[in-house]
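Participant: Put together the whole structure using the sequences plus the hints.
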Amino acid sequence: MSTKEKGHPPQTALSRKRAEKIAKYKQGIPEIYHALYEKAVSGKSNVAVVKARCLDCCCWQRTEVSLCPAVECPAWAKRPYQKAPESEKPLNNGGVGAKKAKSSPESCPEPYLLSESTISGVI
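In terms of UniProt numbering, the sequence shown opens at residue 1 and continues consecutively.
Derived from the structure by calculation, the hints contain no laboratory data.
Watch out, some of these pointers could steer you wrong.
To be verified - Straight line, CA to CA, 25 angstroms or less: simulated DSS-like cross-link-like pairs of lysine-lysine: (1) Lys39 with Lys17; (2) Lys21 with Lys39; (3) Lys78 with Lys44; (4) Lys44 with Lys26; (5) Lys26 with Lys39; (6) Lys24 with Lys44; (7) Lys78 with Lys26; (8) Lys83 with Lys39; (9) Lys44 with Lys17; (10) Lys21 with Lys44; (11) Lys78 with Lys39; (12) Lys39 with Lys24.
Unchecked claim - Simulated restraints, written as ranges between beta carbons of each label pair: (13) Thr12 with Glu38: 14 to 22 angstroms; (14) Ala77 with Ser15: 26 to 34 angstroms; (15) Pro74 with Ile32: 21 to 29 angstroms; (16) Pro69 with Val47: 21 to 29 angstroms; (17) Ala19 with Ala77: 17 to 25 angstroms; (18) Ile32 with Leu67: 17 to 25 angstroms; (19) Ala77 with Ser45: 30 to 38 angstroms; (20) Pro69 with Ala13: 36 to 44 angstroms; (21) Lys17 with Val71: 30 to 38 angstroms.
For each residue, glycine too, the CB sits at the ideal point set by N, CA and C.
Facilitator: Listed below in structure tokens is the structure:
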């Protein structure tokens, strides 16, 4: 079955532009999360979308997702990593346990905010 038969439009300049933006954005993501991000942006998994969005919001820091204070966020109740492994639970000094993501807040990419101009560029 072709993509046209499935209701998907053929690849256009817009979808090529989106692919370029995705590739560029992925460069700022820790490599361990590349496959998850690709699955999320492909639209194949709603679970991957929520997981990637939460990680993106928390600068790709798994522990920060589990400790997320943004209770007003629509994804908060379904966020991943709600039960952090012992090695990632906060220490008394506020630090993180043995396992850390390979990025720091300084290296975190700018969050992808949906503005009217952004949406019109994707849709």
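Participant: For every hint, state whether the structure bears it out.
Facilitator: Against the structure, the hints:
Straight-line distance between C-alpha atoms of Lys39 and Lys17 comes to about 18 angstroms, which keeps the hinted pair within the 25 angstroms bound. Distance hint between Lys21 and Lys39 is fulfilled; the C-alpha atoms sit about 15 angstroms from each other, no more than 25 angstroms. For the proposed pair Lys78 and Lys44, the alpha carbon gap of about 18 angstroms is at most 25 angstroms, so the pair holds. Distance hint between Lys44 and Lys26 is fulfilled; the C-alpha atoms sit about 17 angstroms from each other, no more than 25 angstroms.
The suggested pairing of Lys26 with Lys39 holds, with an alpha-carbon distance near 12 angstroms, which does not exceed 25 angstroms. Proposed proximity of Lys24 and Lys44 is supported: the alpha carbons are some 20 angstroms apart, at most 25 angstroms. For the hint linking Lys78 to Lys26, the alpha-carbon distance of about 24 angstroms falls within 25 angstroms, and the restraint holds. Between Lys83 and Lys39 the alpha-carbon distance is near 23 angstroms, which keeps this suggested pair within the 25 angstroms criterion.
Of the pairs offered as hints, the one joining Lys44 and Lys17 holds, with about 20 angstroms between alpha carbons and a cut-off of 25 angstroms not exceeded. Distance check on the hinted pair: Lys21 and Lys44 sit about 19 angstroms apart at the alpha-carbon level, within 25 angstroms; holds. In summary, the hint linking Lys78 to Lys39 is supported, as the alpha carbons are separated by about 18 angstroms, within the 25 angstroms threshold. Proposed proximity of Lys39 and Lys24 is supported: the alpha carbons are some 16 angstroms apart, at most 25 angstroms.
Distance hint check for Thr12 and Glu38: the Cβ-Cβ separation is about 20 angstroms, which falls inside the suggested range of 14 to 22 angstroms. Evaluation of the 26 to 34 angstroms hint for Ala77 and Ser15 yields a pass: the beta carbon distance comes to about 32 angstroms. Distance hint check: the CB atoms of Pro74 and Ile32 are about 26 angstroms apart, consistent with the given range 21 to 29 angstroms. Look at Pro69 against Val47: about 22 angstroms separates their beta carbons, and that is inside 21 to 29 angstroms.
For the pair Ala19 and Ala77, the beta carbons lie near 32 angstroms from each other, so the given range of 17 to 25 angstroms is not met. At about 19 angstroms, the beta-carbon gap between Ile32 and Leu67 stays in the expected band of 17 to 25 angstroms. The hint said 30 to 38 angstroms for the Cβ distance between Ala77 and Ser45, and at roughly 18 angstroms that hint is violated. In this structure the supplied range 36 to 44 angstroms holds for Pro69 paired with Ala13, their Cβ-Cβ distance being about 41 angstroms.
Roughly 36 angstroms separates the CB atoms of Lys17 and Val71, a value that falls within the hinted 30 to 38 angstroms.
Violation of the numbered hints given earlier is confined to hints 17 and 19; the remaining hints are satisfied by the structure.
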